[in-house]
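> Chains as they are written, first to last, in my numbering: chain A, 1 to 193; chain B, 194 to 386.
Hints are computed from structural coordinates only; laboratory data are not their basis.
Be a bit skeptical, because a hint or two may be false.
Keeping only pairs whose Cα atoms sit at most 25 Å apart, straight-line, the calculated DSS-like set for lysine-lysine is [to be verified]:
| id | chain 1 | residue 1 | chain 2 | residue 2 |
| --- | --- | --- | --- | --- |
| 1 | B | Lys197 | B | Lys305 |
| 2 | B | Lys379 | A | Lys160 |
| 3 | B | Lys197 | A | Lys65 |
Just so you have them, the derived chain A footprint on chain B, three or more residues with Cβ under 8 Å [stated by the list, open to error]:
| id | segment |
| --- | --- |
| 4 | 211-223 |
| 5 | 278-288 |
Note that the coordinates shown come from a computational prediction; the quantities given were computed from them, not determined experimentally.
Quick reminder that beta carbons are idealized off the backbone N, C-alpha and C, glycines included.
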Amino acid sequence: MNQLQNFTKGFIKENPVFILLLGLCPTLGVTTSAINGLGMGLATAFVLTMSNLVISIIKNVIPDKVRIPSFIVIIASFVTIVELVMQGFVPALFEQLGLFIPLIVVNCIVLGRAEAFASKNTVFSSIIDGLGMGLGFAFALTILGGIREILGSGAIFGWKFIEGDGILVFVLAPGAFIVLGYLIAIVNKINKA
Amino acid sequence: MAKKESSFINMVLTLFIVTSISALALGGVYNLTKGPIALAKKAKLENAISNVVPEFDTLVEFKIMPAKGKDSLTFYRAFYKDSLVGTAIKTYTNIGFGGLISIMAGFSPDGKIINTAVLEHKETPGLGDKMDIKKSTWSEQFRNKNPEDFDLYVTKDGGKVDAITAATISSRAFCDAMNRAYKAYKLEEGGTK
Chain A
1 MNQLQNFTKG FIKENPVFIL LLGLCPTLGV TTSAINGLGM GLATAFVLTM
51 SNLVISIIKN VIPDKVRIPS FIVIIASFVT IVELVMQGFV PALFEQLGLF
101 IPLIVVNCIV LGRAEAFASK NTVFSSIIDG LGMGLGFAFA LTILGGIREI
151 LGSGAIFGWK FIEGDGILVF VLAPGAFIVL GYLIAIVNKI NKA
Chain B
194 MAKKESSFIN MVLTLFIVTS ISALALGGVY NLTKGPIALA KKAKLENAIS
244 NVVPEFDTLV EFKIMPAKGK DSLTFYRAFY KDSLVGTAIK TYTNIGFGGL
294 ISIMAGFSPD GKIINTAVLE HKETPGLGDK MDIKKSTWSE QFRNKNPEDF
344 DLYVTKDGGK VDAITAATIS SRAFCDAMNR AYKAYKLEEG GTK
């Protein structure tokens, strides 16, 4: 597999949300607006890339039996760094996402990529994989958040184009499932074609 | 490089090194972000205070216990050129739809509500979060009202506050917080004058 394919697979072919169905907790929870989805996606992409980088570097010095605890410690450290930095420098975004940031630690994508990819591949392809998967995740969350924001609040990226409310159910939890279901169907159709 | 054997000493050493490095990194980042985080929190609080009282140059902060409730309220008396222009009260309620709601309420020296600002809440997005002035104009009905003749209860409970459509519980909680602030305010101001 060349590096370009390695990078682009995260967007449609192996998209973490639409195909692998990993990390659905933040996916369903934060995507009430496009900007929330994007912020969460980029935070996850950062953690994913950094943890893939570090894990692929040290994969040979970690004994097999303690690899999962080691990976989790590394991932949790990066998540805490993201949380502290976000709290200090972009408090507005932190207010929206604060609750979900610590959940990146247990996001299956991060540990999943560490275990399935970074612990078996070279440093360079692990970084590319982390970037591709992370941006694919951000891409999926932004689309999901965008659709829910348009239908639910009549706005996009905070810019309101209708007066009053949209279809409220799309902002609430059931809306997340409905939109995600349709998106998965569309992505499956694209992949089959 | 060959993979390290999972011997006891190897595992203990690896975990020790991984956790030590993580701890060091986190400590460093914490020190770097401590200042900005404190500043961001302070800016948020000051922003909320200046939203609910007129222009001021000095703030006097003190805490008092409300008649009902488990936690203390924080009073911020705002002075402009040595005369009292208003009092901002950080009040709270625990009966919100999502539990705790924290509100900054501003009272003028003659006992009228100047303005309100929601500091913290976990209400349903799209419904209960309309109590926040950033989301809807609902809370404008409190402006310039004197709670002596503007009963701080929703109309369903015999008061004069129009509840948010489909979010009576959140509206009720908002009134509860305002009531707590007003009662404490009356008690405090009655005692000093």
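> Three or more residues of the segment 278-288 of chain B near chain A by CB distance under 8 Å?
violated (count 0)
> Is the Cα-Cα distance between lysine 379/B and lysine 160/A 25 Å or less?
It is violated: about 41 Å lies between the C-alpha atoms, which goes past 25 Å.
> Quick check: the segment 211-223 of chain B, covered by chain A? Criterion 3+ residues, Cβ under 8 Å.
Held - the segment 211-223 of chain B has 7 residues with a Cβ nearer than 8 Å to chain A, which meets the minimum of three.
> Check whether the Cα positions of lysine 197/B and lysine 65/A lie no farther apart than 25 Å.
10 Å, holds
> Going straight from one Cα to the other, do lysine 197/B and lysine 305/B come out at no more than 25 Å?
72 Å, violated
Hints 1, 2 and 5, counting from the list given before, are not met by this structure.
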